[in-house]
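*Asks:* First to last, the protein sequences are chains A and B.
Positions 104 to 221 (my numbering) are the ones given, in order, by the first sequence.
Positions 1305 to 1629 (my numbering) are the ones given, in order, by the second sequence.
In case anyone wonders, no lab produced these hints; they're calculated from the structure.
There's no promise every hint is true.
Claimed, not checked - Some, not all, of what chain A presents toward chain B, calculated at C-beta under 8 Å:
id: 1; residue: Asp170
id: 2; residue: Ile210
id: 3; residue: His211
id: 4; residue: Pro212
id: 5; residue: Lys213
id: 6; residue: Thr215
The C-beta atom is built at its ideal place from N, Cα and C for all residues, glycine as well.
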Amino acid sequence: MTKNKFWISGVAVPVLIAMMLLVLSSRVTANAEPSAPAAAVKIDNFVFGPQTLTVPVGTTVTWTNSDDIPHTSVSTEGVFKSKVLDTDEKFSYTFTKAGTYPYYCTIHPKMTGKIVVQ
Amino acid sequence: MPDKKQDLIDQSLQDLNNDSVDRRGFLKCMAWAGTGLVWTMSGGVPVSRAFSKGYGKDAGKGADFTFVQISDSHIGFNKPANPDVTATLQTAINKINAMPQKPDFIIHTGDLSQLSKPSEFDTLDQALKSASAKQIYFVPGEHDMLSDDGDQYLQRYGKGTKGSGWYSFDHKGVHFVGLVNVANLKAGGMGSLGHEQLEWLEDDLHGRSASTPIVLFAHIPLWTIYPDWGWGTDDSEQALSYVKRFGSVTVLNGHIHQIMQKVEGKVSFHTAMSTAFPQPAPGTAPSAGPMKVPAEQLQKVLGITDVNYLVSGRSLAVVDSPLGS
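Work out the full structure: start from the sequences and follow the hints.
*Replies:* See below:
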């Protein structure tokens, strides 16, 4: 009896807890799986940061303008083109093919950046 | 950083009160505080001196005609550097209206609006209606051609112009050329005029007498001030090669929201203050974004430029006046 009691309190309960945690954690994982990867580019002080961003295929990249001056994010090769982004405005684009995507601000063309999709 | 900027501004203001400052030093501090500057050009020899209140009253007296340059109104901008750009534009217009000699016309060297919005252009038009000079010539800044390849700008301000809005006109013997260097900008580059416009310019100047005074105006400087910030025009050299044979050439620009001057041979370059907000001197800040100055100093770093032209002496005087003087 004492042995059984020990088994229940010392082993069975922790195992049960561990199993519950596993179920919970697998649920969390299952929920996260369908959402696509995301990455961010911050526009600050007339600079795209990071200037080169490497992401896996399927990633949605979001640009956010943190300057007091409007900017754009436009693909040099015509792949994507944001509208004019005023302060705190965002633009997103999902990269579905591997490759290197150079882009720039059409208002301040000295501002350039690159998205590398692998 | 703000303390450093403040120190520079204070230093500039102090320099301005010191009459013994040399021309180089004066020009340097003008870039910051701009209480005014006069230069006259006679026989290719440029002379500049401080703009005192006394001179201001006489400015334009005896000149054959006067015109005013305003720039970078950025109507629609509402950030801390200047939450009321419409009010400062109105102050600039009031200053123009108070000039002793009524200007024949006004030139606006671009960035009329912040975001090329119809409502912003409407507000600008409304304010400019109160100007004593009814004739206003425009060239676009990059902010005026943001979302529609400049269609809105061209409909409102570009009637009868060529390409993306360039044109020329003659006034009392002076040939004026408005150029556009903010359209179709290439990644990694600065301002650009483009092949078509350069060909037009060559043709426009062709056959004109070398004694005709020429005034070129465009938004982005037509000389390289600071490439890291894009303060220059990639193909301006070619444009300037077409005006080299003329005896008097004046180049007026905006874009950098501060006064900068250069004289190269018979060509005088000049950039105007903004009517909206100041920008930092080249390389003195992490970026060319709006510079915040204490509210009481704002009107010292905003202003208008009036240009007096004297036919007899073939001289041309550019006077920069801050709003707060």
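*Asks:* Against each hint, give a clear statement of whether it holds in the structure.
*Replies:* Consistency of the hints with the structure:
no. : hint   : verdict
1   : Asp170 : 6 Å, holds
2   : Ile210 : 5 Å, holds
3   : His211 : 6 Å, holds
4   : Pro212 : 4 Å, holds
5   : Lys213 : 4 Å, holds
6   : Thr215 : 6 Å, holds
The structure shown violates none of the earlier numbered hints.
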